[in-house]
Amino acid sequence: MTTQSLVWNISLIAIAIIAVAFLYVAARSGAAAQYEGVQKKAYGIRRWFFWALVLLGVGTAYATLAEFPIPDQRAPSAGARVVDVVGKQWYWELSANQFTAGVPVEFRVTANDVNHGFGIYDPNGRLVAQVQAMPGFTNRLVHTFTEAGKYRVLCLEYCGLVHHNMITEFEVAAARQGGK
Amino acid sequence: MSALHQPSEALSRRERIVLNLYAITGLAVLVLMMLGGIAMRMSQGTWIELPPDVFYQLMTAHGAAMVGIAGLTSSAVMWYFLRKYVSLSPGIFLANYVLFMIGAVLILGSIFVLKFGGGWTFLYPLPVKSNGMWSVHAAAGYMLGLVSIGVGFLLFYLDATLAILRVYGNLGRALGLQWLFGGDIDKSHPATVVASTMVIIANGLGTLCGAVVLVLCLVNAYVPAFELNALLAKNMIYFFGHVFINASIYMGVIAVYELLPRYSGRPWGVSRPFLWAWAASTIMVLIVYPHHLLMDFVMPPWMLVMGQIISYTSGLPVLAVTAYGALTNVHRSGMRWSMPAKLLMLSMFGWAAGVIPAIIDGVIRVNSVMHNTLWVPGHFHFYLILGLWPMLFGFMYHVIRARADEPDSAFDRLGFPAYLVGGLIFAGMLLMAGQASVARRWAVHLPEWVPYAPAASLAAILVVLATVVFAVRIVSGLPKAPNVGTAH
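Protein chains in written order, with numbering that gives the first Met the number 0: chain A, 0 to 179; chain B, 0 to 487.
Keep in mind that a hint or two might mislead.
Cut-off 25 Å, straight-line C-alpha distance, at most; resulting in silico cross-link-like pairs (BS3-like, lysine-lysine) [stated by the list, open to error]: (1) LYS87/A / LYS186/B; (2) LYS114/B / LYS128/B; (3) LYS114/B / LYS39/A; (4) LYS114/B / LYS186/B; (5) LYS40/A / LYS114/B; (6) LYS479/B / LYS83/B; (7) LYS87/A / LYS83/B.
Computed footprint of chain A on chain B, listed as stretches where at least three residues anywhere in the stretch have a Cβ under 8 Å from a Cβ of chain A [what the hints assert, rightly or not]: (8) 94 to 107; (9) 163 to 176; (10) 223 to 235; (11) 302 to 309; (12) 319 to 330; (13) 361 to 367.
Short derived list, chain B residues pointing at chain A, Cβ under 8 Å [what the hints assert, rightly or not]: (14) GLY62; (15) GLN434; (16) TRP441.
If you're looking for bench data, these hints aren't it; they were derived computationally from the structure.
Note that the structure is predicted; figures quoted are calculated from it, not measured.
For every residue, glycine included, the Cβ atom is placed at its ideal position computed from N, Cα and C.
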């Protein structure tokens, strides 16, 4: 399951739970009951609800941040192939356009005019990684391709009237047999 | 149970005219910009053909106008209720409106006459580096328009700050900080004062920051040697943008605190969790903005971690205090479900549900495959269409209603479900397209992206039809709106 599918499913489930809560309350709103009793019960449930949310937040933060998802920006990644990327209105300049699956690639991404977004789409049209391209700064994005094929780079930060044409491509070859 | 219309809410003739100006302008701009939004979505779906320059100009106008009008209309809610507790100046309220309209003229002129299409966020240095597509004067006109609007809001917040200080002595007491750790809470301390104080602190700083970066960009426009640090400018712009749109919701929710109890017949007073929620939100809304910069890897890592964690914790007051409080207030209350009540309750659902995809997108690992896809407009359209605007519609319907149990018209009975279903499908289709990696802010969509647009366009048409129904009902009701009590 891709990250996108997982996120979509979690969102749908959470929104559905909230919708059910609202529909339940709306359906039971007609018959009046003593407010104090309703409050006492509701606030008791809320205590559990609050701490459950806190626990969920702590767990999620640990699971997603324990290994920091952004590479060290001050040091080059060991063993990675380095590629310089420059975003310009309205095209990309890449110092290489042939990569190998299983070999980490460090994209050093910058721009020489305005902000751009360096978004990498896999052969199935799925966004697999991105980083901002910004004038005056170089962002290092490290990505290891797992699938061979033709990838596209799309601009993901609005950069002017030809933004939607800022597309380029590169090839990823299958992993070499016997290791990376 | 309080009366539907309280004597302290009575309006003088002049006040009523200004309030009506806010409401009518808000509804007119909303409908017009919804039509602009439909045109963009239909163009992405290849039903109509908008040239890219026109698309991006429309996109710029749509963003600026929708954010601006959300702020303006919400400020009317805050003004309407806050003046019950402190003395606000009707002149300043009018000045905010006038400066907004001056700003709107400058912005629309820059876009549709001078062809500015730099996006509403004026992300430095795009406004002045268009690659020859618009002039520096077009960019300057647009940014001056935003400055004018910002000055209007700052005046309004300054007036509200002085008025609150006169009554409560300091902002901490107005927020109820004295009761956070103990003591007997004064149950009559108005939720409106708590929320308004949070807004003037947060959005005072946010708008001020926006004004500063706009002025710096204006200097850069005419003195190119005066260059800004692109990362610093981006931080300032997103700080301003995030705080401003969130402050609109925090102003709008005042209508829920004030009005929902009048339809449920139950009080909704301040409590310790409530005060904690607003105190925490005051801090969190100021420090959460780095979640807009998660893909700027050169940002200090601690700021990105803060952006992710605070994105999550910001949802807790919404879910566990305000939305939960509304559910508790309504549960088995003998609720009178007329239009204001329905809309206010819908707003609680829309806000609570709309924050879910937003919170998830605040996770760095998720953001790396969702940022700047249609997932982002998906979540903010969710809580603006189904959260913020129902608060504002609910408020306006309330203003024109004489009785809580006044029956809804046939148009209202049709309009409400149409708006709900249309809003859900429209926002849902944006989210679905986002999870399929469809990029946002693209005038021309790749062939594989096109199928997501038609259903969204149809749903958007349903939303705008329902909005027109609401707008006609409200505007026709404003001249006949009840005015209980004596105007002060």
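Cross-check of the supplied hints:
no.: 1; hint: LYS87/A / LYS186/B; in the structure: 59 Å, violated
no.: 2; hint: LYS114/B / LYS128/B; in the structure: 14 Å, holds
no.: 3; hint: LYS114/B / LYS39/A; in the structure: 59 Å, violated
no.: 4; hint: LYS114/B / LYS186/B; in the structure: 54 Å, violated
no.: 5; hint: LYS40/A / LYS114/B; in the structure: 59 Å, violated
no.: 6; hint: LYS479/B / LYS83/B; in the structure: 22 Å, holds
no.: 7; hint: LYS87/A / LYS83/B; in the structure: 55 Å, violated
no.: 8; hint: 94 to 107; in the structure: violated (count 0)
no.: 9; hint: 163 to 176; in the structure: violated (count 0)
no.: 10; hint: 223 to 235; in the structure: holds (count 4)
no.: 11; hint: 302 to 309; in the structure: holds (count 4)
no.: 12; hint: 319 to 330; in the structure: holds (count 7)
no.: 13; hint: 361 to 367; in the structure: holds (count 5)
no.: 14; hint: GLY62; in the structure: 10 Å, violated
no.: 15; hint: GLN434; in the structure: 4 Å, holds
no.: 16; hint: TRP441; in the structure: 4 Å, holds
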